[in-house]
Amino acid sequence: MTQRPLGQSGLSVRPFVLGGNVFGMTADRAASFAILDRFVERGGGMIDTADVYSAWVPGHKGGESESMMGAWLKDSGARDHVLIATKVGMMPGGLKPDRIREAVKGSLDRLGVDTIDLYFAHKDDPDVPLDEVLGAFGELVDAGTVRAIGASNYSAERLAEALRVADAGGLPRFTAMQPELNLLDRDQYEGALQQLCIAEGLGVVTYFSLASGYLSGKYRSAEDLGKSPRGARAKAYLEGKGPAVLAAMDAIAAETGATLSQIALAWVAAQPGVTAPIASATSVAQLDEIMDSETVSLTDLQLAALNEAGRGTA
61 MTQRPLGQSG LSVRPFVLGG NVFGMTADRA ASFAILDRFV ERGGGMIDTA
111 DVYSAWVPGH KGGESESMMG AWLKDSGARD HVLIATKVGM MPGGLKPDRI
161 REAVKGSLDR LGVDTIDLYF AHKDDPDVPL DEVLGAFGEL VDAGTVRAIG
211 ASNYSAERLA EALRVADAGG LPRFTAMQPE LNLLDRDQYE GALQQLCIAE
261 GLGVVTYFSL ASGYLSGKYR SAEDLGKSPR GARAKAYLEG KGPAVLAAMD
311 AIAAETGATL SQIALAWVAA QPGVTAPIAS ATSVAQLDEI MDSETVSLTD
361 LQLAALNEAG RGTA
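Going left to right, the sequence shown walks through residues 61 to 374 as my numbering numbers them.
Careful: at least some of the hints might be erroneous.
With a straight-line Cα cutoff of 25 angstroms, these simulated DSS-like cross-link-like pairs (lysine-lysine) come out [claimed, not checked]:
no. : residue 1 : residue 2
1   : Lys278    : Lys183
2   : Lys278    : Lys295
3   : Lys165    : Lys121
4   : Lys121    : Lys156
5   : Lys121    : Lys134
6   : Lys301    : Lys278
7   : Lys301    : Lys287
8   : Lys156    : Lys183
Source of the hints: derived by calculation from the structure; they are not laboratory data. It should be emphasised that the depicted structure is a prediction, and the values quoted were computed from it without experimental measurement.
Build the full structure now, drawing on both the sequences and the hints.
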């Protein structure tokens with residue numbers, strides 16, 4: 061599978077990143093290990109997680125995904141076959157330098173690794189000066205515990221400011237961006253942020269690429285929302301542009317033989333500036349399906365039809 065350079069991070073990824081948010085949450089140990097084993101069988105690549113996954117689940121405190129991945133890495137010996145991306149900033153303490161130093165130690169311990177390939181600021185922390193945030197990340201890069209740094213959920217204005225601060229102070233630059241992007245949720249990335257990422261050469265990996273599963277076609281009516289714990293998130297998509305987007309995808313599925321999930325991920329991967337979409341799987345069969353999106357190539361007419369439906373202009 062062709063690798064794409066992830067901006068100026070020095071890392072390269074295939075046009076699919078495996079989301080680790082489900083590990084230790086909706087995927088138990090057996091399912092998580094099977095998914096990760098299959099991922100490596102298919103050539104591996106980047107796995108994206110965060111220290112906060114899955115603190116929102118009753119009885120969880122955060123770090124469950126990293127711990128599950130660490131147990132699998134120890135069992136499989138597959139560290140050399142995957143790139144690991146994780147994040148800091150959602151837990152109490154935000155992006156205070158001491159919190160970053162504490163958080164990275166916790167992530168390294170749970171993952172059982174010496175180095176994190178890509179370390180994201182999970183969200184902007186306006187209460188901490190950017191030079192302090194970047195300085196703390198710089199310590200980790202200098203120590204060799206982090207190879208590259210990225211930003212998630214930053215506005216174009218704040219990302220541009222962070223890049224200016226880095227350049228002015230001789231601090232490490234964010235080399236990757238992780239925004240929300242799918243056919244129905246486009247405002248965070250499209251426009252100023254997209255233009256900035258392209259102009260500054262940042263790699264872009266996108267989250268919620270399947271719109272909480274709605275773009276798989278799983279939720280076509282209110283009655284379908286109970287099919288999954290994520291069904292409640294898909295409720296809003298049933299109104300407005302959601303059905304029109306699914307109709308456009310159904311037509312392309314009939315033309316290509318691709319599934320709706322594959323079409324949704326192929327659309328994201330084809331967007332200007334995007335390096336790869338992130339998507340998670342709770343079974344090996346689901347992983348095989350979504351990884352096959354890498355071989356789906358949409359025509360200009362198909363992309364235009366999807367864009368029109370997603371913008372409500374179809």
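Hints, verified against the model:
Restraint check for Lys278 and Lys183: the C-alpha separation of about 30 angstroms exceeds 25 angstroms, so the hint is violated. Annotation: proposed proximity of Lys278 to Lys295 holds, straight-line Cα distance about 12 angstroms (limit 25 angstroms). Under the criterion of a C-alpha separation no larger than 25 angstroms, the hint pairing Lys165 with Lys121 is consistent with the structure, at around 16 angstroms. The straight-line distance between the Cα atoms of Lys121 and Lys156 is roughly 20 angstroms, inside the 25 angstroms bound, and the hint therefore holds.
For the given pair, Lys121 sits about 22 angstroms from Lys134 by alpha-carbon distance, which is consistent with the 25 angstroms threshold. A distance of roughly 16 angstroms separates the Cα atoms of Lys301 and Lys278; the hinted pair therefore holds under the 25 angstroms criterion. Between the alpha carbons of Lys301 and Lys287 the distance comes to roughly 21 angstroms, so the proposed pair stays at or under 25 angstroms and holds. Annotation: proposed proximity of Lys156 to Lys183 holds, straight-line Cα distance about 12 angstroms (limit 25 angstroms).
When the structure is compared with the earlier hints, a violation turns up for hint 1 alone.
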